[in-house]
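> In case you want the letters, here they are:
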Amino acid sequence: MSSKESCRIELRTAIRQLSDRCLYSASKWAAEQLVGIEQDPAKFTPSNTRFQRGSSSIHRRFRTNEITSTPPTGVAYVSTPVMEEDEAIHGDFYLLAKSYFDCREYRRAAHVLRDQTGKKSVFLRCYALYLAGEKRKEEEMIELEGPLGKSDAVNRELVSLERELATLCKNNTIDPFGLYLYGLVLKEKGNENLARKVLVESVNSYPWNWSAWSELQSLCTTVDILNGLNLSNHWMKEFFLASIYQELRMHNESLSKYENLQGMFTFSNYIQGQIAKARYSLREFEQVEVIFEDLLRNDPYRVEDMDTYSNVLYTKECFSALSYLAHRVIMTDKYRPESCCIIGNYYSLKGQHEKSVVYFRRALKLNKNYLSAWTLMGHEYVEMKNTPAAVDAYRRAVDINPRDYRAWYGLGQAYEMMGMPHYALHYFRKSVFFQPIDSRLWIAMAQCYESEQLHMLEEAIKCYKRAANCNDTEAIALHRLAILHRELDQPEEAAFYYKKDLERMEAEEREGPNIVEALMFLATHYKTQKKFEEAEVYCTRLLDYTGPERETAKSLLRGMRIAQSGFPSMDVEHFHP
Amino acid sequence: MAGVVKAPGAFAITPHKVSVCILVHIYASPSQISVPFPFSSVSQHNRLGLYLLALTKSCDDILEPKLDQLINQLREIGGLLDHWLTDHVTSRLSSLSSPDDLFNFFNELRETLGGPDSGVMEDDQVILDPNSNLGMFLRRCILAFNLLTFEGICHLLTNIGIYCKEAISSCSSYELRRVDDSGNDFESLSEYENMDLNLVFKKINEEMEARKRATEQVSFHLHLPKELSTLVEDIEVSADPKSEHNDKGRESSSYASGELLRDVDPNGGVFLRTNWQIQGYLMEQADAIEKHGSSFTLNAFELTLRQLQKLAPELHRVHFLRYLNNLYHDDYFSALENLHRYFDYSAGTEGFDFVPPAGCNSFGRYEIALLCLGMMHFHFGHPKKALEVLTEAVRVSQQHSNDTCLAYTLAAMCNLLSEIGFSTTSGILGSPFSPMISVGTSLSVQQQLFVLLKGSLKRAESLKLKQLVAANHLAMAKFDLTHVQRPLLSFGPKTSMKLRTCPIIVCKELRSGYHLISEFCCEGSTMTADGAFSTAWLKNLQKPMGSLVLSQDNGSRNNYNPFLFFTQPSSIPGSVMQLVGSSYLHRATAWEIYGSAPLARANALVYATCFADASSSSDAALVHVKLIQHLAVFKGYKEAFAALKTAEEKFLCVSKSRILIMKLQLLHERALHRGHLKLAQQVCDELGVLASSVTAVDMELKTEASLRHARTLLAAKQFSQAAAVAHSLFCMCYKFNLQVESATVLLLLAEIHMKSGNAVVGLPYALASLSYCQTFNLDLLRASATLTLAELWLSLGSNHAKTALTLLHGAFPMILGHGGLELCARAYITEAKCYLSDPSFSVSKNPELVLDPLRQAADELQALEHHELMAEAFYLMAIVFDKLGQPEQREEAASSFKNHVMSLDHPHDVEDPIQSDTLLNA
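In order, the protein sequence lines correspond to chains A and B. Note that full-length UniProt numbering numbers the first sequence so that position 163 is 163, with each residue one more than the last. Note that full-length UniProt numbering numbers the second sequence so that position 171 is 171, with each residue one more than the last.
Please keep in mind that the hints were generated in silico from the structure rather than gathered at the bench. In this text, all values refer to a predicted model and were calculated from it rather than measured experimentally. Worth double-checking, as some hints may not be accurate.
Computed list of lysine-lysine pairs in DSSO-like fashion (alpha-carbon distance at most 27 Å, straight line) [claimed, not checked]:
no., chain 1, residue 1, chain 2, residue 2
1, A, Lys368, B, Lys883
2, B, Lys458, B, Lys478
3, A, Lys499, A, Lys465
4, A, Lys316, A, Lys334
5, B, Lys717, B, Lys645
6, A, Lys137, A, Lys189
7, B, Lys678, B, Lys802
8, A, Lys465, A, Lys385
9, A, Lys462, B, Lys678
10, B, Lys310, A, Lys465
11, B, Lys735, B, Lys678
12, B, Lys385, A, Lys462
13, A, Lys500, A, Lys462
14, A, Lys368, A, Lys137
15, B, Lys310, A, Lys189
16, A, Lys465, B, Lys454
17, A, Lys28, A, Lys170
18, B, Lys310, A, Lys135
19, B, Lys645, B, Lys678
20, B, Lys650, B, Lys678
21, A, Lys119, A, Lys135
22, B, Lys310, A, Lys365
23, A, Lys316, A, Lys385
24, B, Lys310, A, Lys187
25, B, Lys384, B, Lys478
26, A, Lys137, B, Lys310
All chains, full assembly: derive it from the sequences and hints.
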């Protein structure tokens with residue numbers, strides 16, 4: 001990786017260039033990373049660094065390996081020359097156009113630049129037109145909405161924009177920003193292959209435009225496509241890879257990339273948020289909570305990624321923290337999908353599912369493709385016993401992203417609730433296909449097989465085995481395996497699983513009826529196997545518990561002693577009625 | 001959104017509807033006399049009315065027609081009036097230039113409608129009844145317009161402009177034609193129109209310019225950059241071919257229209273028809289898919305569906321159609337995916353006719369999903385999985401007390417059970433699922449099937465599902481045909497139950513299916529019928545007049561309305577036709593089994609002529625197979641193969657298997673007759689391969705294959721092997737209760753023993769076969785068993801010749817009346833042999849008694865090329881002539897005998913094309 005200082009210089013220039021072209025979200029992103037670079041404490045006064053200090057404690061606590069800022073061996077980063085600004089001639093028009101643009105008067109801005117031929121002006125004109133078209137599209141979407149959800153509102157500028165940009169591209173008079181816009185247009189027109197090519201070209205010649213990377217990411221839906229991209233090495237590529245790995249559910253790879261990046265951008269809130277999201281996917285809730293707390297301390301008005309935080313709080317059932325978070329985001333920005341989602345989560349936790357649905361609906365109104373809101377709304381409908389609605393919501397989530405295993409799982413559950421286990425199996429199969437490492441999914445599928453209508457115990461055992469292999473935290477699988485084997489009259493296997501279950505419960509220091517059950521079975525099993533020593537061990541342990549099992553254990557022990565000493569046991573029973 | 005079923009009232013006002021409104025206005029313009037101004041006769045007036053009615057109801061496409069399509073149709077319909085009509089429509093449309101014009105237009109429309117108190121209207125005044133079809137249409141348009149927001153009105157206005165503009169591109173050519181074929185009288189008129197259209201053109205161009213100006217900022221500077229100006233021209237140029245493309249593309253290939261969509265869409269010129277029309281269209285397409293099977297074009301329809309989905313994302317029925325399309329193109333995964341998607345979205349409550357709307361509960365109707373899934377698994381050849389799913393469907397429909405679905409599920413199960421044969425089902429139905437079968441699990445599969453059938457029939461009857469009742473009657477008839485009715489319980493007085501099938505019952509069942517044809521209208525398929533009617537009507541506009549069947553009076557075109565005649569036959573829904581047709585097919589099969597060839601053929605012919613349009617391709621193939629088999633048996637192979645060739649062309653890729661099987665059967669028979677034993681064995685093996693394909697074992701075909709195997713061995717004189725094969729086959733038939741087949745196998749065993757010289761051993765088999773035939777009323781098979789019995793007696797020695805002759809004469813009426821060529825010939829030869837071996841019979845006294853049957857036999861065998869029997873006939877003839885002392889004729893017969901023996905021993909290697917290409921194909 002290049003040095004911090006050169007990074008900083010690159011970013012500073014990029015921010016200026018990006019905001020010159022009104023690519024605001026990209027420039028926002030770049031600025032966040034710029035500030036995220038660790039300052040050299042020798043050069044700066046404490047007041048400068050105070051902003052960054054707050055988060056240092058957490059880094060020490062959770063950084064798994066100390067990151068050095070040297071790149072992995074064998075990777076040479078290209079240094080992309082920072083672009084020269086080209087024009088000052090028509091600067092006045094440009095300034096006017098930019099002010100119009102900033103006031104969201106896109107068509108006016110485009111009109112001012114109608115005769116300008118400088119690259120910068122051409123880009124801003126095209127971009128303004130594009131945004132104008134988008135704005136009109138949104139409006140028309142509402143105006144034209146029919147009962148069958150007619151959704152053919154399109155950006156009417158796309159055709160002319162595509163033509164103009166294609167001409168520019170052919171004449172080789174297009175700059176990376178133009179390429180980005182061209183990619184955007186192509187993507188909307190459905191020409192994904194060319195869009196990918198154009199975007200790759202754009203990020204290769206100007207890597208600091210995060211918007212371009214994001215568009216590229218949305219076009220890479222499989223690992224194969226990703227591997228087919230010809231990207232030159234730049235530190236921005238690391239960000240891209242980390243982000244896309246997360247999208248492709250390669251959470252560990254993503255996490256390691258982010259942690260690597262954190263060596264340089266130590267204080268980047270963005271990276272922190274992403275790490276939290278990755279850890280959330282890996283179900284490391286404790287750490288995620290700490291990260292988010294820290295993040296909110298530094299950036300109290302942040303709304304991005306906070307839906308993930310609310311999910312964590314939901315899982316941990318932190319009522320007050322969740323309500324606090326909801327309050328906070330609503331004060332910051334009420335009409336963000338994330339905000340609505342957080343409130344929905346809060347109501348759901350309070351058991352007020354109707355209200356929760358209202359907020360999820362609002363979130364979806366704000367962003368129709370908000371995946372997790374569809375899924376969460378499905379959960380709410382399940383709670384409200386409105387299964388058809390739940391099925392519909394889940395199905396929409398699945399159609400937005402077919403790899404969303406939670407929604408597949410929800411569909412399966414809904415159908416199982418309706419007493420259609422065979423039909424539900426299809427969905428559970430899909431779910432485990434996309435997330436084979438989640439024990440809960442396997443257990444759900446196994447329970448489906450176990451249901452009285454299907455009663456396919458062999459298949460259930462197979463599923464439980466898979467569940468047991470993937471870190472079943474609630475320890476259902478082992479217990480069920482033991483019981484099923486016992487029911488199928490396979491005492492050897494049953495004993496094996498009881499033993500494993502027992503070991504596990506001991507390790508986790510759990511108590512409960514399961515222990516007694518396991519001990520009981522093992523004792524009788526070993527007794528019938530004539531392995532009296534083992535049986536005795538289990539019987540003795542049973543003596544620590546109260547209840548009828550204790551008496552049974554006692555009589556078992558007695559029986560065994562007598563059998564060992566050679567007396568016929570029948571007589572003994574008679575002596576002690 | 002989620003869980004809410006949309007009301008089906010999607011009715012948006014579109015440019016096309018505006019122009020229909022204009023036409024309605026012309027049709028029923030107020031304050032006119034009985035025949036309003038432009039019309040010259042009542043029939044002309046009515047014709048426009050019919051056309052408008054059809055326009056609002058037809059469902060031949062998902063998109064509304066463009067203006068030029070409308071104009072084309074008007075030209076066909078309007079006769080002398082077409083110029084006036086098109087002019088009026090275009091000028092009216094182009095006069096709508098501001099929102100206010102639209103308001104005024106719709107206000108004017110309101111006058112066309114009679115008020116609620118239309119009793120006070122004057123005589124001769126044309127006023128549209130508000131409750132008539134057109135009146136409703138008008139009211140809906142007015143309502144939809146009134147509901148529009150101002151933005152909506154602006155959109156409508158823009159769209160009307162584009163709608164007119166698109167028509168103009170095709171106008172120039174149209175105009176030239178018009179000027180050419182209209183006489184001088186019309187010159188002024190067309191000039192006027194020209195002017196008008198030019199006006200429109202100019203206006204639209206202006207508007208387009210203005211739009212461009214607004215969007216692209218290019219056109220009004222004098223010093224505009226050169227590339228940009230060419231760019232503008234580009235747009236202009238490319239717009240024209242696009243809309244031209246539009247005119248033709250629709251018809252020629254829907255691929256083009258799919259492509260088109262992406263380009264045209266931004267202009268907003270594409271509109272869906274009404275929901276009702278689209279549903280009708282989808283239903284028609286579903287019928288078409290089911291009817292044509294895999295010959296239905298996958299991709300073209302898929303594109304239409306994609307377009308539809310884009311235009312109406314909430315119309316979930318699209319997914320179902322996609323499922324059907326994939327199902328019939330054997331794409332398992334997409335079919336499964338789309339099935340699930342459809343039911344996830346619709347909860348089974350969208351688009352199903354059979355669901356009474358009142359009974360819609362909030363749980364959705366997911367049991368229908370299970371029913372469909374079960375049928376899908378069955379289609380893909382997973383009978384076991386299908387049964388599991390259907391079992392779940394039974395349970396869920398009971399749980400939700402959806403009796404209709406339950407009845408259909410049971411019918412599906414019956415169908416499944418009777419289709420897959422009984423090799424695989426044992427033990428599946430035994431699962432404790434079915435409260436239907438309360439008798440317990442000890443029943444055989446047939447008995448379970450019988451109980452299911454009865455239950456299903458009863459349910460269907462009580463629910464008044466006519467089609468299902470008819471289908472169940474058919475299934476019942478099929479069951480009765482092939483299975484002996486046994487007492488269901490294993491205890492109690494058994495003697496009261498006769499162990500036999502009864503043709504009367506079968507006939508009764510078949511006949512009960514016919515009631516359907518008079519009662520079909522009860523099942524709520526009026527909508528499809530109505531839509532189909534209108535679609536057919538509109539389609540016939542395009543047909544040339546010459547093709548009319550009923551055109552007696554060509555001259556008076558104006559008074560004569562051809563359209564009505566065309567649409568008559570389509571008023572019966574296709575599904576009803578199909579069911580009634582298949583009852584004929586069942587009859588044909590029944591007669592085939594009972595042994596009446598002429599009746600079987602008659603029924604098959606009735607089916608092929610009357611129900612060919614409505615039949616599914618597999619049924620059509622089946623009836624062809626039946627007819628060709630009949631030809632082969634009664635007319636010989638030459639004609640059969642000629643017919644086969646045409647059949648193969650007809651069912652090229654559709655249902656190859658059925659035709660292919662029949663071809664193999666024919667080839668096998670012929671090879672056996674000609675003595676090509678190697679070829680026979682080869683063909684037989686191929687049949688065997690077809691029997692156990694990937695999907696599932698076809699018991700019927702398997703039996704057939706091994707039966708043929710045994711016969712081949714018999715022809716090769718490997719008696720012990722043949723007997724072994726036949727024996728194991730009998731065991732299989734017995735095990736799986738294939739009783740009709742058992743009779744055939746027993747007869748074959750008797751023949752094997754006879755040919756191997758153990759007539760005594762053969763006798764009991766023949767007798768057993770006879771008793772089977774009696775039980776099942778298999779008359780023809782019984783006659784042939786009697787023939788074999790006679791042959792057996794004869795081979796026991798000459799003192800049994802009398803017995804044999806009596807037996808034979810008893811069977812003669814049946815054999816000669818219904819038997820095929822081979823059977824008749826065998827009977828004749830046996831008769832001759834009986835006479836000859838009878839010591840009390842003298843040839844010289846009565847030569848014709850022997851010679852006549854022999855000649856008959858030789859004639860009939862000629863067509864079959866059956867060398868073995870021919871040789872025998874000529875041999876006998878030679879002996880007779882020898883005894884009569886006619887050496888010349890004796891020599892002739894002897895040389896014929898020699899020829900046949902030679903060709904039997906040395907089958908000539910002349911391969912005919914049919915044979916060789918089969919072997920290549922297979």
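> Against each hint, give a clear statement of whether it holds in the structure.
Here's how the hints hold up against the structure:
The hinted pair formed by Lys368 of chain A and Lys883 of chain B fails the criterion: a straight-line CA distance of about 101 Å is larger than 27 Å. Distance hint between Lys458 of chain B and Lys478 of chain B is fulfilled; the C-alpha atoms sit about 17 Å from each other, no more than 27 Å. At roughly 15 Å between alpha-carbon atoms, Lys499 of chain A and Lys465 of chain A fall within 27 Å of each other, so this suggested pair holds. For the given pair, Lys316 of chain A sits about 24 Å from Lys334 of chain A by alpha-carbon distance, which is consistent with the 27 Å threshold.
Pair hint Lys717 of chain B plus Lys645 of chain B does not hold up; C-alpha atoms about 33 Å apart against a cutoff of 27 Å. Distance check on the hinted pair: Lys137 of chain A and Lys189 of chain A sit about 14 Å apart at the alpha-carbon level, within 27 Å; holds. Of the pairs offered as hints, the one joining Lys678 of chain B and Lys802 of chain B is violated, with about 39 Å between alpha carbons and a cut-off of 27 Å exceeded. Pair hint Lys465 of chain A plus Lys385 of chain A does not hold up; C-alpha atoms about 31 Å apart against a cutoff of 27 Å.
About 51 Å separates the Cα atoms of Lys462 of chain A and Lys678 of chain B, which puts this hinted pair outside 27 Å; it is violated. Between Lys310 of chain B and Lys465 of chain A the CA atoms are separated by roughly 44 Å; this puts the pair beyond 27 Å, and the hint is violated. For the suggested pair Lys735 of chain B and Lys678 of chain B, the alpha carbons sit about 31 Å apart, so the restraint of at most 27 Å is broken. Annotation: proposed proximity of Lys385 of chain B to Lys462 of chain A holds, straight-line Cα distance about 19 Å (limit 27 Å).
Pair hint Lys500 of chain A plus Lys462 of chain A holds up; C-alpha atoms about 17 Å apart against a cutoff of 27 Å. A C-alpha spacing of about 15 Å is found between Lys368 of chain A and Lys137 of chain A, which places the hinted pair at or below 27 Å, so the restraint holds. Simply put, Lys310 of chain B and Lys189 of chain A have alpha-carbon atoms about 14 Å apart, close enough for the 27 Å limit, and the pair holds. Taking the CA atoms of Lys465 of chain A and Lys454 of chain B, the gap is near 45 Å; set against the 27 Å cutoff, the hint is violated.
Annotation: proposed proximity of Lys28 of chain A to Lys170 of chain A is violated, straight-line Cα distance about 31 Å (limit 27 Å). Distance restraint check for Lys310 of chain B and Lys135 of chain A: the Cα-Cα separation of roughly 21 Å lies within the 27 Å cut-off, and the hinted pair is therefore satisfied. A hinted pair counts as satisfied when its Cα atoms are at most 27 Å apart, and Lys645 of chain B with Lys678 of chain B qualifies at roughly 24 Å. Restraint check for Lys650 of chain B and Lys678 of chain B: not satisfied, since their Cα atoms lie roughly 31 Å apart, outside the 27 Å limit.
Using a Cα cut-off of 27 Å, the hinted pair Lys119 of chain A and Lys135 of chain A holds, with the two alpha carbons roughly 24 Å apart. Proximity of Lys310 of chain B to Lys365 of chain A is assessed by CA-CA distance (about 19 Å); at most 27 Å being required, the pair is judged to hold. Taking the CA atoms of Lys316 of chain A and Lys385 of chain A, the gap is near 24 Å; set against the 27 Å cutoff, the hint holds. Note on Lys310 of chain B and Lys187 of chain A: the hinted pairing holds, with a Cα-Cα distance of about 17 Å set against a maximum of 27 Å.
For the hint pairing Lys384 of chain B with Lys478 of chain B, the CA-to-CA distance comes to about 22 Å; that is within 27 Å, so the pair holds. Between Lys137 of chain A and Lys310 of chain B the CA atoms are separated by roughly 16 Å; this keeps the pair inside 27 Å, and the hint holds.
Violated hints for the displayed structure, listed by number in ascending order: 1, 5, 7, 8, 9, 10, 11, 16, 17, 20.
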